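Using the sequences provided together with the hints, build the complete structure.
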Amino acid sequence: MISETIISAVDDVVEQMLANAGGQKPERLKIIVEHPANLTHGDYSTNVAMQLAKTLKKPPMSIAGEIKERLLAHVKINALFYKIEVAAPGFINLYLDWGKWASEASRGAILPDPDRKSAKVLIEHTSINPNKSAHIGHLRNSCIGDTLARMLKRIGQQVEVHNYIDDLGNQLADTVVGFMHTKTEEPFARFGDFCWETYAKINKAYKANPDLQKERAVVLHELEQGSSNVAWLGLLVAERIVREHLEELKQFGVEYDVLVWESSIVREGFWSQAFELLRTTPIFRQETEGKLAGCWVLKQAEDGGSSADNEDFHADKVLVRSNGILTYTAKDIAYHLWKFGLLGKDFHYAKFTDRVWSTQQDGVKKTIGHADRVINVIDRRQEYPQAMVKQALLALGYEQQAQHLQHVSYGVVSLSPDTAADLGVDITERKHSYPMSGRQGIGIKVADLLDRMEQIIDAKRSRRTGLSSRVIAAAAIRYYLLKFHLQTEIVFDFEQATEISGNTGVYLLYSYARACSILDKVKSESGQTAPPAAFDDLELQEHTLLRQLAYWPEILHTAVQELAPNHICAYMHELATLFNHFYATCPILRAENRKKHVRVWLTERFRETLRDALQVLGLPTPKRM
RNA sequence: GUCCCAGUAGCUCAGUUGGAUAGAGCAUACGCCUUCUAAGCGUACGGUCGGGGGUUCGAAUCCCUCCUGGGACGCCA
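For what it's worth, UniProt numbering labels the leading residue of the first sequence as 1, then goes sequentially.
No wet-lab data here; the hints were simulated from the structure.
Computed from a predicted structure; not experimentally measured.
Be careful, since some hints might not be right.
For lysine-lysine, the following DSS-like pairs were computed, each having C-alpha atoms within a straight-line distance of at most 25 Å [what the hints assert, rightly or not]:
1. Lys483 x Lys250
2. Lys57 x Lys68
3. Lys445 x Lys120
4. Lys153 x Lys214
5. Lys345 x Lys291
6. Lys153 x Lys120
7. Lys25 x Lys68
8. Lys365 x Lys345
9. Lys100 x Lys30
10. Lys250 x Lys431
11. Lys58 x Lys30
12. Lys623 x Lys483
13. Lys351 x Lys120
14. Lys596 x Lys623
15. Lys291 x Lys120
16. Lys595 x Lys100
17. Lys365 x Lys351
18. Lys596 x Lys523
19. Lys83 x Lys595
20. Lys250 x Lys390
21. Lys204 x Lys183
22. Lys30 x Lys57
23. Lys366 x Lys351
24. Lys431 x Lys483
25. Lys366 x Lys345
26. Lys366 x Lys250
27. Lys120 x Lys431
28. Lys183 x Lys153
29. Lys623 x Lys521
30. Lys76 x Lys30
31. Lys68 x Lys30
32. Lys100 x Lys214
33. Lys83 x Lys58
Here are the in silico distance ranges between beta carbons for each label pair [to be verified]:
34. Glu4 x Gly502: 28 to 36 Å
35. Gly363 x Arg470: 32 to 40 Å
36. Leu589 x Glu186: 22 to 30 Å
37. Thr488 x Lys291: 43 to 51 Å
We treat Cβ as the ideally placed atom computed from N, Cα and C, and that holds for glycine.
Structure below.
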């Protein structure tokens, strides 16, 4: 990558200068290379001279001048840049030689090549409770997880995607209780939608008749035992729902390698094994008195004794309830020991669909799991239980694994007042946003959003060629859910989410198709145009487009580093915008020979780069639209 | 009570390991298709970066403090 080349060259140069001056390299000297916002500041710039002013006891400008001279003599810098300038108060700006860059870019040399044999990364995402249809909050999770998997694969890492199915949880039990104690008369097209209503109804019934909640405990117990009629019913419900979820998410390009069922964890004896391990640690023990008497808990450090005044809040985490039933976190700890290959036990597997495996007791052995790094995509509200899993690993002495266990936390999706009102929520309080609630049956179902988006696109599109409106709709929704910073709580608004102009997936696909259409007319095969040797008299729009193309490897790298898909979205929108400016300003096919060559080549590079980025985000690459 | 996250244009959001004139989309107004895809492009309008203090060559970004909103701390997941 270009920025890496600059950093290493600057590092060489700075070291020489410090050695000459007899100085030490400052501890916290970070050489940062930026993409200047302004074209006149070059294509890359660094502020290292200003950082060194104190150490070298010289004005930044003179330091920058010296670094510039030494960089100009540096082989690697010389090979890529034609000019370096110093700008007040001490910036060093570097200008790419586009002819040289072009020959490298065409060889693909600049893109990150697959690393040498890398560690195995296990990504868990989706993990929706299998008791009702999915809503857009679930979809955000799946899109993030699926995109992270694609990002890591793109840079050559070995990735395995897991979807954890909580088929022994309260929520599934609730839906089962709902089957037996609520009434349904209206028809539903999908099983999950019927369950959605049933789940809301049973929660309402619990309020009216709290005794009914005892039923849940009974069902939960039967689910865990696994042999009764009720257990079979639960299994059927969960499996049917999971199939609907997978089918639905497939439309958004979301895919998995393996489903891990919570019931498998229990029945394969994973918990018993984990329990024996945990018992050897001082922080795991059974309470004999107090509120948690009879429970097995993970003890948390008392902080200064002030917690005594707040009996409502205590940090200890129950893993086994006093009635002997396991909590989610208990099973999650066993699961994570297994993910890292630390349990000494393994699952068996059977095919769930033609490409997805599923844990199954009478299945076959597979080399699944045994990861070096684990990424869990789970919303921010679950930071505490995730921390408990990590703490259990630490308590067992697995420090390295704990360090390589990463919770990718993201903000929840809530509803704008207008959209909440559409769903019948009372918005007289005029809050900024309204939470979705499965228990109350409040939420935007994925299928409903997709249907509505499809209709909107169908009504507004001006051409019927290429992708179907439904495929475009799914892509638009996926992009919408990925473009926000992970920590941002998405306040979902129907009007805003269904935009088809501006910073949207539709705009990106359209720009891609536009480039394809133009290149079709020159009958250019991909990558066929030879890179121009020189780029003289570049138009502003040509230059800015070139620059943005050059930045792609670095953006991808940063996004992977930070596990932040939104960087890629922002980059692509900028890239597409610059291409459209270029398109509007510079005739491509009608230009004269030399210019035409440059412009066709640029359009080709744009198409290839955008295609790469679209694929990393899991979006389609339509030749026509 | 303890801890975490956030507050940037009318709305929704980028930008936050300190950098050069704080950006985008939507909305509003006005323009641009006999010419490569108008799902596009252009112009205009729009800001005490929640308030106050501090650190320094330089702060939306770091520190302190206050205000406001959201979340976690459950024998739910």
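Evaluation of the provided hints:
no.: 1; hint: Lys483 x Lys250; in the structure: holds (20 Å)
no.: 2; hint: Lys57 x Lys68; in the structure: holds (18 Å)
no.: 3; hint: Lys445 x Lys120; in the structure: violated (34 Å)
no.: 4; hint: Lys153 x Lys214; in the structure: violated (47 Å)
no.: 5; hint: Lys345 x Lys291; in the structure: violated (34 Å)
no.: 6; hint: Lys153 x Lys120; in the structure: holds (11 Å)
no.: 7; hint: Lys25 x Lys68; in the structure: holds (19 Å)
no.: 8; hint: Lys365 x Lys345; in the structure: holds (11 Å)
no.: 9; hint: Lys100 x Lys30; in the structure: violated (28 Å)
no.: 10; hint: Lys250 x Lys431; in the structure: violated (35 Å)
no.: 11; hint: Lys58 x Lys30; in the structure: holds (19 Å)
no.: 12; hint: Lys623 x Lys483; in the structure: holds (23 Å)
no.: 13; hint: Lys351 x Lys120; in the structure: holds (22 Å)
no.: 14; hint: Lys596 x Lys623; in the structure: holds (21 Å)
no.: 15; hint: Lys291 x Lys120; in the structure: violated (43 Å)
no.: 16; hint: Lys595 x Lys100; in the structure: holds (18 Å)
no.: 17; hint: Lys365 x Lys351; in the structure: holds (12 Å)
no.: 18; hint: Lys596 x Lys523; in the structure: holds (14 Å)
no.: 19; hint: Lys83 x Lys595; in the structure: holds (23 Å)
no.: 20; hint: Lys250 x Lys390; in the structure: violated (31 Å)
no.: 21; hint: Lys204 x Lys183; in the structure: holds (12 Å)
no.: 22; hint: Lys30 x Lys57; in the structure: holds (18 Å)
no.: 23; hint: Lys366 x Lys351; in the structure: holds (11 Å)
no.: 24; hint: Lys431 x Lys483; in the structure: holds (24 Å)
no.: 25; hint: Lys366 x Lys345; in the structure: holds (12 Å)
no.: 26; hint: Lys366 x Lys250; in the structure: holds (24 Å)
no.: 27; hint: Lys120 x Lys431; in the structure: violated (44 Å)
no.: 28; hint: Lys183 x Lys153; in the structure: violated (48 Å)
no.: 29; hint: Lys623 x Lys521; in the structure: holds (12 Å)
no.: 30; hint: Lys76 x Lys30; in the structure: holds (20 Å)
no.: 31; hint: Lys68 x Lys30; in the structure: holds (18 Å)
no.: 32; hint: Lys100 x Lys214; in the structure: violated (73 Å)
no.: 33; hint: Lys83 x Lys58; in the structure: holds (24 Å)
no.: 34; hint: Glu4 x Gly502: 28 to 36 Å; in the structure: holds (34 Å)
no.: 35; hint: Gly363 x Arg470: 32 to 40 Å; in the structure: holds (35 Å)
no.: 36; hint: Leu589 x Glu186: 22 to 30 Å; in the structure: violated (58 Å)
no.: 37; hint: Thr488 x Lys291: 43 to 51 Å; in the structure: violated (37 Å)
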